[in-house]
Amino acid sequence: MTRKEKPVGLALSGGGARGFAHLGVIQALQEHGYNIKMLSGVSAGALAAVFFAAGYKPLEILNFFLEKNYLKYFRLSIPNRGFVKNIALFKLMRDVLPERIEDLKIPTVITVTNLNEGKVEYFSEGPLARMVLASTSIPVIFQPVVYNNISYVDGGVMNNLPVEPLRGKCRHIVASHVNPFSKQDKLESILKVVERCFHLAIKENTERKKQLCTMYIEPEKLYHYKIFDFKKAPKLFDMGYEAAVKIIQEHKM
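Residue numbering for the sequence shown follows the working numbering, starting at 1202 and increasing by one per position.
Hint data in this document are derived by calculation from the structure and do not stem from the laboratory.
Glycine included, every Cβ here is placed at the ideal spot set by N, Cα and C.
There's no promise every hint is true.
To be verified - Listed next, the in silico BS3-like pairs over lysine-lysine satisfying Cα-Cα at most 25 Å (straight line):
1. LYS1258 with LYS1306
2. LYS1433 with LYS1447
3. LYS1370 with LYS1258
4. LYS1404 with LYS1447
5. LYS1447 with LYS1427
6. LYS1238 with LYS1411
7. LYS1453 with LYS1238
8. LYS1411 with LYS1453
9. LYS1411 with LYS1370
Claimed, not checked - Here are the simulated distance ranges between beta carbons:
10. ALA1402 with ARG1368: 19 to 25 Å
11. HIS1373 with CYS1398: 29 to 35 Å
12. VAL1297 with ASN1317: 28 to 34 Å
13. PHE1429 with LEU1401: 15 to 21 Å
14. ASP1439 with PRO1328: 32 to 38 Å
15. ASN1349 with GLU1261: 29 to 35 Å
Required output: the full structure, derived from the provided sequences and hints.
Quick look at the structure:
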């Protein structure tokens, strides 16, 4: 089949640094003739989605963040509402991405959690950098993002695998989930406890989402890596690529 004969909608989960595995998944899909016609992303998946939808290639995105040193885009702020404020990352996105979501080259939906009303919201229009920042704002660790007088946080709180925006619009849905669940004996820090709670919250919900997908990709070995393992980005990229190739070869579409 030619690339144009395999159009898909791609859903990308949250997962912190493990989101670099999404780029490897996209790389594999493209090499095997899949034409990504629409994207739906949350948290790290939203960040990967908008860069790809803006026209950057997976390896370009990986190298871009390696060269810029992603860790420096988190700077501490007064912990009255959250511990970290992503001002530098916000400015970076404004410099290299379109101003609005609807200006992306590929239709993209960003998932966020409306903290005031306690509900999930999907944005396919609006200020791109602000909504991606909201989608990546893990509660307690990052400050909420205020937009139209509403406080928004990480969309993964309520939907860490947003396949819903793709339903009815894409014949085939491919999901890349980078939060494989495993037993964990030691929880020695606040970050580890927060991360574990996130995993528990999304585990059952994600299992139900599999039934809505034509293809589900989940690199199992990612559970060895943490949400702030940004220095492992190349390895995470490779793990996403290898897992995707394996699933693609096993799958008939």
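How the hints compare with the structure:
no. : hint                             : result
1   : LYS1258 with LYS1306             : 13 Å, holds
2   : LYS1433 with LYS1447             : 21 Å, holds
3   : LYS1370 with LYS1258             : 24 Å, holds
4   : LYS1404 with LYS1447             : 23 Å, holds
5   : LYS1447 with LYS1427             : 23 Å, holds
6   : LYS1238 with LYS1411             : 20 Å, holds
7   : LYS1453 with LYS1238             : 19 Å, holds
8   : LYS1411 with LYS1453             : 17 Å, holds
9   : LYS1411 with LYS1370             : 17 Å, holds
10  : ALA1402 with ARG1368: 19 to 25 Å : 22 Å, holds
11  : HIS1373 with CYS1398: 29 to 35 Å : 33 Å, holds
12  : VAL1297 with ASN1317: 28 to 34 Å : 31 Å, holds
13  : PHE1429 with LEU1401: 15 to 21 Å : 19 Å, holds
14  : ASP1439 with PRO1328: 32 to 38 Å : 33 Å, holds
15  : ASN1349 with GLU1261: 29 to 35 Å : 33 Å, holds
Taken one by one, the earlier hints all hold for this structure without exception.
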